[in-house]
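*Asks:* In case you want the letters, here they are:
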Amino acid sequence: LMTRGHASPAVADSNVYLSEAILDICRGLAVFFLILFLCMHVLNSRCVYGNVLCEEPSMNTFKLCAQPPNTILVLLVLGLSFATRFYKLAEPPHICWDETHFGKMGSYYINRTFFFDVHPPLGKILIGLAGYMTGYDGTFPFVKPGDKYGHHNYWGMRGFCAALGSSLPVFAYFIVLELSHSNSAALIAAALLIFDTGSITISQYILLDPILMFFIMGAVLSMVKFNQQKPFCASWWLWLLLTGVNLSGAIGVKFVGLFVILLVGLNTAGDLWALLGDLQLSLVDVAKHLLARVTGLILLPLLLYVTVFAVHFAVLNKSGPGDGFFSSAFQSRLIGNNLHNASMPKYLAYGSTITVKNLRIAGGYLHSHWHLYPEGVGAKQQQVTAYLHKDYNNLTTRNLHSHLQEAPMTRKHFQVTGYGINGSGDSNDLWRLEVCGGRRGDPVKVLRSKVRLLHVATGCVLYSSGKTLPKGWEQVEVTCSPYLKETPNSQWNIEDHINPKLPNISLSVLKPHFLEILLESHIVMIRGNSGLKPKDSEINSRPWHWPINYQGLRFSGVNETEYRVYLLGNPVTWWLNLACLGLYAVMVAVASIHCWVLMRGGGQLVLGWLLHYAPFYTMGRILYYHHYFPAMLFSSMLTGLTLDTLLHSADLFLSPPRADWLLRLGQVALLFSVLYSFYIFHPLSYGMRGPLAHEPGSAMAGLKWMDSWEF
Amino acid sequence: MSRFLYSILLQAGTMLGLSSLKFPPVVKTEINLVLVLVTVLGFWTRLRNLSYPRAVVFDEVYYGQFVSLYMKRVFFVDESGPPLGHMILAFGAYLGGFDGNFPWNRIGAEYPSSMSVWGLRLLPAVCGALCVPLAYLLQLELGSSHYAALGASLLILMENSLIVQSRFMLLESHSPLCSRYLWLIVAASSCAGAVGVKYVGVFTYLLLLGIASVHTWQLIGQRLRVFVECGCRVVCLVVLPVLLYVFCFYVHLTVLRHSGPHDQLMSSAFQASLEGGLSRITRGQPLEVAYGSQVTLRSSASQTIPCWLHSHKANYPIRYEDGRGSSHQQQVTCYPFKDVNNWWIIKDPGRQELVVNTPPRPVRHGDVIQLLHGMTSRFLNSHDVAAPMSPHAQEVSGYIDFNVSMVMQNLWRVDISNREAESEVWKTIVSDVRLVHVNTSAALKLSGGTLPEWGFGQLEVVADRVSRAHHSSLVWNVEEHRYGTSHEQKEREVELHSPTHIDVHPNISFLSKFIELQRKMLTVKQEESEHKYSSCPLEWISMTTNIVYWLHHSTNAQIHLIGNLVSWGMANLSLAAYQLLALWYLLRRRRAIRDITEASWCQFQRVGVVCVGGWLVNFLPFFLMENTLFLYHYLPAYTFLLQLLPAVLEHAHTHLLRYTHSHTNVLWVQNKTSWYCCTCRPAGLALLICPLLLMSSVLCYQI
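Heads up: the sequence lines are chains A and B, in that order.
Under the UniProt record's numbering, residues 1 to 711 are what the first sequence spells out, in order.
Under the UniProt record's numbering, residues 1 to 703 are what the second sequence spells out, in order.
Since the hints were made in silico from the structure, they are not lab data.
A hint or two may mislead.
What the hints assert, rightly or not - Under 10 Å between C-beta atoms, here's a sample of chain B residues computed to sit facing chain A:
#1 465
#2 508
#3 603
#4 606
#5 623
As the list claims (entries may be wrong) - Just a sample of chain A residues kept apart from chain B, beta carbon distances all over 10 Å, derived:
#6 68
#7 509
#8 583
None of the values given here were measured: they were computed from a predicted structure.
The beta carbon of each residue, even a glycine, is placed where N, CA and C say it ideally should be.
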C-alpha cells in the first residue's frame, strides 16, 4: 500500500482507480466487521448452549450454576437499545458539538486530504467509511456547530455511531451474565444503560466515544468469555483473538483505550500467576499459555494498530490542513504540497538561498520584513519572526543578528534582528551551524538534517518561543535562547534550497519510510495532546464532577428559541451508580470472602471503573464530562451485579416466601424508577424547545435538581 | 544536638535494655564507637569551612528572601512548601544574629562581613550530618549487620551531592532527616521491631515527608495501605502529624504579622488581618454597607491577580473585530490596580439621594439596589447584548441613553452567599456577594477574558445567566468602604479621592486563615519557567545534568551539585539487582521452591518495601509535576537507594555467595567503594582543569 501511495506523476491518473480500489477494500472490511459482530453473538449463544463452558478447577466450590442467556431477554435488550438510540436520530439537522471536528475528519478521508488530529485514526476512518457507504460525498464543510446539513447525507454517520452505541447494553448484559451468572443482574445493568439519557445522547451523534466504548466493551466481553473457556480449544482461541482485535480497536480510536489494555493486562497477569502457582501444570504448559497470550494480546493488536496507520497514510495522500504540523520531509509525501516531487540540491552550500523551518509543532518559517522593532523593545533594528505561511518575496538582504538585548516577549532570551546589509555587518552576525546528532564537518542535508544555529558571540541558540507577537500578522517571536537544551523549539530544518551551481536531485530520495512516519505522527499526537491545556478563562470540568453528574455538556442550542440537546446522565441511574460503589465496598467488607460473584466479578468491574476514572486526576490536559462515559459503563455493570446480589441475599434474614416477595418488589421498584426517570428526563436527549427549566412554562420545570445543570 | 544524643541513647537502650529498675538505679550504657566515628566524620565533612564561600549560593537567593522576611516578620506565601523548613532556616539565622537586611538579588553576591554566614548555614548542615548516623541506625533496623550499616553510613558520608546540598542554606537536607528521625522514634517506642509497626512507620514517614516538603504532598494517600490491625496506631500517627502541621502554620501566621509582597494573593479579610497594607486603608471603615455607601468591589475569583469592578469614560466600540455589534455604552471592566474609578455608590432604587441617612439604612440579603459609578455617574447596567469577549454572556455597561429604545435595566439583587441568617446585613470585607441582575437573573461575573486595546487590556466583566451555585468568579466583596456625605457631584469626586476613616476591626480566626493560606499554596500555579540547570526526572537516574551552585567570577572557583559517580552507578545497579532477585524469588516460590529461609525472605521483603518503596514514592510523583525540576529534588529518593545498596550486597553475600564463605567479602566491596570515593578527592584536586572531576564536591574548600 505504501509504495503505491506515493505514485509518480506518470501514474497520477491511476490514483482515481486506486482510490476506488481502496474504498472497495474498505467496503469489504466493513462487511467483514459486521459479520464479525454478528458472529460474536451467534457464537456466544452457541458456546453456552453447546455446553462448551468448561469447569474451572479451583473455583468449583463457590461457583453458581451458569444460567443460559434468556433469548427473549436478549432480544428485548437489543430491541430497546436500538429503539432508544435510533429514535429521532436525524434530529437536530445541524452540526452538534464535536461533530464539527469528527464529521469534518470523516470528510477528509473521503476527499483523501491530509489533516492532523490528536487521536489515532481508526475512529475517523470508520466514520468516513460509514459516510461513504451511505452516500455522503464529503462536500459538507462542517464549519461550526449549528450549521444546517441541508441535503447532505449525515444520517449514515450518525446511524453508524448509534449502531455501535446500541450494542453497549447488549455487551453489558453478556458481561454481567458471565460475571454473575444471574439473568436479573444482567438485565438490571442493561436497563440502566438503555435508559440512561447520557448514553443515548452520546451515541446519537458523529463522535468517537460510541466507537471507543464499543471496542472497550467488546474487549471486556471477549476477556470475560475467554476466561470461561477450556484452554486451547477453538472457542478459547477465538475469544483470545477477539480480545486482541478489540484492544487494538480501542487504542486505535483514542489513547484512552490504553486503560482497557491495562485492565486486560492485569487480568492476564493474574491469570498467568494463578497458572504458575498450579503445580499440576508443567512449566512447558505455562510457557504455552504465556506465548498464546503474547501472540493474541500483544503481537496481534500491535500488528492491527500499525495496519490502521498504514491505511491512514495510504488514504490521505493529498496536501491539506494538517501539513504544517509535520516536518518538511513528511510533507514531501503529500500530493499538492510544494515539496511533493520537488527537486533541489541535496547538501547545503555557501551562497545557497534557503527557507528555514522550525521543528516545533506548527513551527513557522524564519522570516523578516521591512519593519523595525518598536521603541523600547531592545534595539530598534529590523524584526525577525517566525511566519506560519511560506512567503518568497522577502529577501531583505539583512544579516541574521543577535545581541545582549531583551527579546520582545520572552524576557530571559536575547533579541534577534536583521542587521547590516548584503553580508557586511559586525561580529554579532556570526552563527555556527550544528547538525543535531552529527559531528563537526558533516554536510547539512535539506529536509532531513535537524540543525541548530548557535550565536558565536553570546553562545545562545536560535529559538522560536511560539508566542504570537502583539502587532504581527500571525508572526511568532524568534529569540536567541541562552538555554542550550535540545528542544524542538531550537531545532530547524532547511526546506527550500536554491543554488544554481549545484545539481538538483529529486526529493523522493529523501522521503521518510513508513516507520519514521509512524513515529513522527505519534510524537506530534502526543505533543498535541499535552498542548491541550485548559485556559484560565474557561471553567474546566474536573474529575470529581463526573460521578455526581455535576454538570453536563451543551450539544446544541443555548436559549429558548433553539432546539436544545444537553448531554447529561440520567441523574437517578448515575446517583444509584455512585451509591452502589459505596454499597459494594460495604458488602465486600462485610461478607465478601464467601461470595465469588462479588469478589471476582465485582472486583474486575471495580478495577475497570478505577482504571478508566482515576488516571484523569493526574492529567494536565483539558478535561470534559464525556471522558467519564467509559468508566460509567463499568459503574453501571457493577450496580447491576451489586443490587442483584443484595436482593438475592434477602433470604439470609427472611423466610423463603417473604424473601422472594422482597426480591420481586425490589426488582420492580428498580425497573420502575429507572423507567420513570427516563420518561421525565428524556427531553435532554431527544431535544427541548421553549423556555429554560427555571422559567415558568418549561417542559423541564422542576427538573433542574442541581444549579449547575444548564438546560 | 540533643535529638541526636537522644537517638544514641535510644540505640544504646534498645541494644542493652535498661536492665536496672532496682535500687540504687544504675544506668549502664554501651557506646558504639563505630557509630560515634561516622557521626564525627559526618559533622567534619559537613561543617568544615562552612562559611566558604562568603557569597550567595544558588537557591540561597530564593530561600534567603524568606528568611529575611521572617526576620522582618513580613507575611509571604511560598507555594513550594509549608513553612517548617523556612522556619528552621530562619531560626538558625536568628541564632546567628542575622537581621534580615540583605537584598538576596543574585547568585554570587558577596555577603557583608558583618553577616554570620556560619549561622545561616549551620542548621541545614547539622541536619545533613545527622543523616549519616541515621543511615547506620536505619540499616540496623532493617535487620542488616553492622558491616552493612557501616557501609550505608559511609555511602551517605561520601556522597558529594548530599554534602553540597547540606552545606548551604537550602531545604532539601531537612526532608530526609526529620522524617527518618521521627520514624525511628516511632519504631523504637512502639514495641521495638514489630514489623507491622515499621510499615506504619513507613507511612508516617510519608505523612511527615509531606510536612517537610510539599513536593511530595500527593503521597499522603499512601497511608490507605495501612493494615486494619494497626488502625489504632494510625489514628495517633495521623492526628499527631496533622496537629504538628497545623501548629507550624500557627507559628508561621503568628510570627508573620506585617503585610508584605504577597498580600494581593489573599482575600480582603486575610489582608485586613495583617499590619500595614490593606488594614491601614480599611481600618476605620464602617462595617455595615448602607444605602449611600461608597464602595470598591473586589472580585473573589481564584486567580493570581486581584481586581476591582471598574468603569471609565470610554465606550464599547460600535462594532467588534469579528463584526458583532455592541451597545456602545460605557465600558465596565475589572481593573487590577487601586484607582479612583473603582468607587461605586450604592443607591436605593426608590430614592434619589446618594448620601447615607442617620441612622444608616443597611443593605440586606435579597435587597434590590442600583450601583452608581462614582466618577462618571453612570448606572451599572446589563442587557441582552452579547459581551465583547464571551458572546454567550450578557454585556455589562454603564448606562447611557442613546434614545435607541434600549431601556435602562439597572436593578441588581444582593445575594450574600456566606450568610448565616436570611436577612443578613451586607458587611464590608466579610460578606461574599453575588449581584444578580433583576431583569434577566444573570449574575455579575468576571469572565476571565482580557479586553483588547480599546478596553486598555483590562479584564472583562459580564453578566452570566448560568448561576452556578458557588463559583468564585461570580463572587464580589466590598473592600474599601465609607459612608457618602456629599450631595453634589463635585464634592463627591473630592470625597472619593480622600482616604477613608472611622474604626472597626474585622477579625478572622486562625482556622479560616489557615485554610485560606493552604488553599492558596496548593492552587497558586508556579509560572512555568525554564532554567539552565533544570532537568527532567528521567535524567536524574543517569545524572546527565548537574547544577552549578556557585562560580567565582575571577578565580573560576566553582561548586557543583553532582553525585558521586561510583555510588550513583552502584545504587542504580543495586536497584536493578534487587528487582531481578525479587522476581526470581517470587517466581521460584510460586513453583514451591524455597531458596532462602522464611526469615530472610521476610527481611528481603522489608528491605524492598522500605528502600525501593521509599525511592518510588519520592521519585514517581515528580513525573506528574509541571514545575521546574532540579537534580536536588532527587536526593531524598536517592538516599533510599543508597540504603538499598549495602542491604543487597549483604543479601548477596550471605545467600548467594555462601559457598565462597569469605566474611570480609562484602566489607571489601564496600571498602573499595569508599576507598574510591576518598581517592576522588585528591585526584580531583590535582586535575582541577578537567571539569569532569569537579564532581568531587569536596574540592570546593581548596579552590
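*Asks:* Indicate, hint by hint, whether the structure satisfies it.
*Replies:* Going down the list of hints, with the structure as the test:
1. 465: Holds. Min distance 8 Å.
2. 508: violated (27 Å)
3. 603: Nearest chain A Cβ about 23 Å off; hint violated.
4. 606: violated (22 Å)
5. 623: holds (9 Å)
6. 68: With a cut-off of 10 Å, residue 68 of chain A remains clear of chain B, as the shortest Cβ separation is near 36 Å.
7. 509: holds (35 Å)
8. 583: holds (20 Å)
Hint violations for this structure: numbers 2, 3 and 4, all remaining hints satisfied.
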